[in-house]
Amino acid sequence: MPRAHLMSDHRRFTDGEAVIEVEGATVGAVIAELERRYPGLGDMLTNASSAGVNGVIHAEPEYLAISPDTDVYFVAPLTGG
Amino acid sequence: MTVTEDRPNYKWVGTRPIRPDGYDKVVGKARFAADLNLPGQLHAAILRSPHGHARVLSIDTTAAEAMPGVKAVVTSADFPELDASNPERDVAENLMARGVVLYVGHALAAVAASTKAEAAAAVAAIEVEYELLPVVLSLDESMAEGAPLVNEHNVTMFVESDGPSNLATVNALERGDVDAAFEAADLVVEREFETAWVHQGYIEPHACVVDVGLDGKADIWASSQGHFRVRSQTAAVLGWDTARVKVTPAEIGGGFGGKTTIYLEPVAVRLSEKSGRPVKIVMSREEVLRATGPAPASKARVRIAATNDGELTAIEGWLGYAVGCTNDMAGFIGAMSVASYKFPNLKLEATASLTNTPKSAAYRAPSAPQAAFAIESVIDEIAQQLDMDPIELRLKNAVVEGDPTAMGMPHPRIGFVECLEAIRESDHYRSPVPEGAARGIGTGFWFNIGEQSSATVNLNEDGTATVITGSPDIGGSRASMALMAAEELGIDVHRITPVVADTESVGFTDVTEGSRATFATGMAVVNACRELIDELKARAATILGVDADAVDWLDGEAVADGKDPLSLAAITAKAKGTGGPLTVTASLNAGGAGPSFAVHCCDLAVDEETGQVTILGYTAAQDAGTAIHPSYVEGQMQGGTVQGIGWALNEEYIYDDEGSMENASFLDYRVPVASDLPMIGTIIVEVPNPAHPYGVRGVGETGIVPPMATIANAISRATSVRMTSLPMSPPKILAALDDR
Amino acid sequence: MKGRQMRYAAPATVDEARTLLSDNPGSQVFAGATDLVPQIRAGRPSPSMVVDLKRIDRLTAVLHEGGQWTIGAATPTADLTRNAEFTAMFPGLSEAAGLIGSDQIQNRSSLGGNLANASPAADSVPALIANAGQAVIASGDGTRTVPAAEIATGPGRTSLADGEFIIEFTLDDPPAGTGDAYLRMIPRTEMDIAIAGAAVRLTIADGTVSDATVVLGAVAPTVVVVTDAEAALVGAALDGGRFDDATLDAVAAAASAACDPIDDKRGTVAYRRQVAGVLAKRAATVAAERAQNGA
Amino acid sequence: MSSMKRSRTHVTCTVNGDEVDFLASDDTSLLDALRDELGLTGAKEGCGTGDCGACSVLVDGRVNCSCLMFAPEAEGSDIVTVEGIAQGDQLHPLQQTFLEGAALQCGICTPGFLVSAKALLDENPDPTETEIRYALAGNLCRCTGYDKIVRSVQEAAVQLRGATR
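Residue numbers (numbering that gives the first Met the number 0), protein chains in the order written: chain V, 0 to 80; chain P, 0 to 739; chain C, 0 to 294; chain Y, 0 to 164.
Derived from the structure by calculation, the hints contain no laboratory data. Bear in mind that the values here come from a model prediction, so they are computed numbers and not experimental data. Fair warning: there could be bad hints in the mix.
[What the hints assert, rightly or not] Negatives, chain Y to chain C, calculated, CB over 12 Å:
{"hint": "1", "residue": "Gly16"}
{"hint": "2", "residue": "Asp17"}
{"hint": "3", "residue": "Asp35"}
{"hint": "4", "residue": "Glu36"}
{"hint": "5", "residue": "Gly87"}
{"hint": "6", "residue": "Leu98"}
{"hint": "7", "residue": "Glu99"}
{"hint": "8", "residue": "Pro124"}
{"hint": "9", "residue": "Gln153"}
{"hint": "10", "residue": "Gly161"}
[As the list claims (entries may be wrong)] With a cut-off of at most 16 Å between alpha-carbon atoms, the simulated EDC-like pairs for lysine to aspartate or glutamate come out as follows:
{"hint": "11", "chain 1": "P", "residue 1": "Lys731", "chain 2": "C", "residue 2": "Asp262"}
{"hint": "12", "chain 1": "P", "residue 1": "Lys28", "chain 2": "Y", "residue 2": "Asp88"}
{"hint": "13", "chain 1": "C", "residue 1": "Lys53", "chain 2": "C", "residue 2": "Asp14"}
{"hint": "14", "chain 1": "C", "residue 1": "Lys264", "chain 2": "P", "residue 2": "Asp533"}
{"hint": "15", "chain 1": "P", "residue 1": "Lys115", "chain 2": "Y", "residue 2": "Asp31"}
{"hint": "16", "chain 1": "P", "residue 1": "Lys28", "chain 2": "Y", "residue 2": "Asp35"}
Beta carbons: idealized from backbone N, C-alpha and C, even for Gly.
So that you can see chain V by itself, here it is in the shape it has in the complex:
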């Protein structure tokens, strides 16, 4: 099952759990499942996060396909100078 890694801000929705195993074939599906289990968290991840998958940060990861052994790191969106 994919593992969702949450930043500490997100953990208030999960009772402090930092890593959650969630079913889902895309990052969007993972977010939807997290929202179902922890109402509010999914919206937060959609609005305030990018996702790091296999060492690559994706800015709009909703449709990104993932395999069952994927680690998905939700990280703050980046800008640059």
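Based on the hints, put chains P, C and Y in the right spot on chain V.
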């Protein structure tokens, strides 16, 4: 000097041809935004608030409208009010205050007139009634219990809102057991730091020329890091369809992040609409300093635990950023830029708070320099206390591929260790420290970003090529695009013309920021070239009468067994008969931007009677992945370094009690001059980024991150005084020496 | 702006300039405008007319005759720093003049403008005063001559009456065994306004100081002549060509004590006071070296 | 007030070898006159106060900030802007070494640096690094950190000395 891992033997990548746009720039022909003039053009001037925070009770423009030469006047009443959910609302309210002015310099009204003098005179005739509101200027004031609200529209981002707040963002990162680690530590060093507001300091003030036609379409020529963003923001602020706005990129005279947002274009659009004439707006230097994006001032509290043999076991800290009058991501990113060391235990909080000062903007590796100043200073102090070589301490703790970043995700292939080793082995570091001087080390890194880019490659009839992209060329990116295309196509780089096209002539491309142009736009160029080569092989197969899969592409020629090779020019010459023009457009959303690390080494002397610092020698090593055009990689490293030296030593915004900047000129906002500096030695480290076809990482951001701590660390070794407040100007250093 | 437009005039003679000034209320002379233009851009009202003094030959002439130098008030300071004979005789004043801004500014800035703008931080003024420069002023129908020290009376204020302007400066050749020096503190190496400056002129005979002048800039509303530092230097003997620490400490202490500085964006009271002392003793050291080597 | 006419002064001077004339209000800077009246937009305004050097031009052979000059001051003078440094299609050695040495990134300060560097080398054909750095201290560059600019001036000086030897 270059330190390179094994890599293919490139013919063009890594060479140093003259940049194609350079000729126009050395003879004065290059057209920057302020150099453009249209027939019948008007000049605009902007009325700016003299108050740091005030309600605008009334604006009376009748006298101004009657002034000689005046053709149009606009205020916020001429713009739609965007609702709170619109992501460009802050941009809209920054470029024309609606009801409340939030800082000294906030635009309130604008006038277009026949001459600059007439526009300025009319602006002075606009009458405004203000009701003064409390001014919040510092981070401490902003965060204080019961502090007055800076901006009644602000709510804290990404948390459930309980109404307006001065808090912009809060971001916390945590792993391991920090308390236990500090308990067990042999050595703990804790320090507090502060840094001042600094400006990007590009030499070209913001400028644009706008012509709105009777068809209702706006033609905009602008100086920006991304003309597609100028288009989207302008359309959003005006409530227009994007298709009504065309933006042509003028040459841009420096940006460093400060030209990733807009200040003028929608104002010029409305003035042009109202007057029926083209309108030009050019900011003065004073306006640039008072009303465009400085980088946040900051405070930090950092505590690091270490063992006696130099293992860094824990970090705990708070980073606070003052971000100006509207919300900003600075604090969010700041906490994440702490990722250079393994730190098994980590607890960091970063907050951003509003102040009645200009809306801050990105500045090279936004928010990382402030964090690195604090952390690299504390780490150096640990090295001093343990009597360890500062590079050895860092090598012992440096992250490598697979180690977690601050937010947990493992680092991809990175070159931090290689940079540390490059400095350790450098002539500079191996040379004795000059008499009367001291040597400091500091490091830094930046993630870099990918984002969307498009490129069109046209092969011309004679085998020359045109490479069209949408990334404004700030520092030689045209040359890099041409080099990558030459490498792919196998033709001479001088047969390639790189072009930066307007928003109607090339596919969407995100702003040039986060060191992404050579990385992401370069990747689009490479993809387009590779598709073209497939097509060239197919055409060659037709010409040669062989199967398509019997053709290979080698060194700019199609080769097939038993046939004479066909040059690219030989194929393009027969394009018409083999299927028509050879042109390919590639677009992508690039992932896999590779973090770039840097390690700096500085020799300096401190005049202990005046507090003046003289930089005697400086060497920067940075991981470029692959340097496409090494001269411009070195240039990015040197430029970022010198901006960092300015940030370290003398640059700062000085505000009076009302929030008016007292030093809004290049006389007193002191950017480094040539005589302040030695040569800046560079070591390009090349640890290729596996996610890019040539291994590019992007080099623009990182150079500015290490200098502040590098210099503070050298000062500490020169004087035994630990400087914790930027800038480390002579009066501050002398005061610290006296307190020693 | 206010409905009137600034005009420009370039008289060829001192008399033409007098007439223009008297005929045009609100007019102002200029040479380099290196302060005037920034002031106007910063919002100061424009003069009704700017009277360019650079086209008057006398105002840009540099003459050395009969043991006296006459320097046109509008002479670009670059002409002084490039004048080898002048620089050999007044190295401190030449260097001070050469510190007024960049090469670009040096081709416009002038001793007259530097003095008449009455900035307490003007770089050339302490050294001009240390060398007992006299200002020849166009006044009424004639001229009057006063010590340069009497021109500036406070920040932006001068003793020049309406219609008066400086024509030229005179400097007597220094006596044998004389050397001068000017040092200033700026945060960068160039392009800044002095936070503190010190000019010292010494005459040394038989290894002992016979005459001393110590003048500070940027540490009070006007330049400060530090008589206590001068007293500490006069009679001081040099050992191996150098002052002893006690003498230098006394000079520094006297200079610091003479300061009446302000806190502003460029420096603090404490910093200016401390650094003025440092600069005074360092300038005294350089001046002594020059006095002993030069003449 | 609306009846007020803006009077303009007729100025005649030599610019890049050509005799030119133009009309300008007395409060117009030479920089604005060059850019707006003569269409020579090579000189740039970076500050308008003489602090950045982007507007540098030669006036009678000496480097000046054209933003600090009133346009009528140019009467009778010989002005060289960046547009006048090359000889026909032959770049000045400084222009060539700036290109080869990557001494420009964004290019906005380049015209001013070229003019100042030319003024330096015209007067001092063999400057030290320190002399170059001080001679160019009135020109701000925010992109390069000055390293490649200084090196390019050094290289141009070598070439110019070679050419005149």
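For each hint, the structure was consulted:
A cut-off of 12 Å between C-beta atoms confirms that Gly16/Y is not in contact with chain C; the least separation is 21 Å. Consistency note on Asp17/Y: stated as away from chain C, and its beta-carbon is indeed over 12 Å from all of that chain's, at 23 Å minimum. A cut-off of 12 Å between C-beta atoms confirms that Asp35/Y is not in contact with chain C; the least separation is 17 Å. The beta carbon of Glu36/Y is kept farther than 12 Å from every beta carbon of chain C, the shortest such distance being approximately 15 Å.
The beta carbon of Gly87/Y sits about 28 Å from the closest Cβ of chain C, which is more than 12 Å, so the claim that it is off the interface holds. At roughly 24 Å, the least C-beta separation between Leu98/Y and chain C is larger than 12 Å, which holds for a residue marked as non-interface. Non-interface call for Glu99/Y relative to chain C: holds, since the shortest CB-CB distance, roughly 25 Å, exceeds 12 Å. No Cβ of chain C approaches the Cβ of Pro124/Y within 12 Å, the least distance being about 16 Å, so the stated non-interface status holds.
Annotated as non-interface, Gln153/Y keeps its C-beta farther than 12 Å from every C-beta of chain C; the closest such distance is 18 Å. Listed as a non-interface residue, Gly161/Y keeps its Cβ farther than 12 Å from every Cβ of chain C; the least gap is roughly 25 Å. Simply put, Lys731/P and Asp262/C have alpha-carbon atoms about 14 Å apart, close enough for the 16 Å limit, and the pair holds. Straight-line distance between C-alpha atoms of Lys28/P and Asp88/Y comes to about 14 Å, which keeps the hinted pair within the 16 Å bound.
Of the supplied pair hints, the one linking Lys53/C and Asp14/C holds, its CA atoms being roughly 14 Å apart against a limit of 16 Å. A C-alpha spacing of about 64 Å is found between Lys264/C and Asp533/P, which places the hinted pair above 16 Å, so the restraint is violated. Taking the CA atoms of Lys115/P and Asp31/Y, the gap is near 10 Å; set against the 16 Å cutoff, the hint holds. Our distance criterion of 16 Å between C-alpha atoms is met by Lys28/P and Asp35/Y, whose separation comes to about 15 Å.
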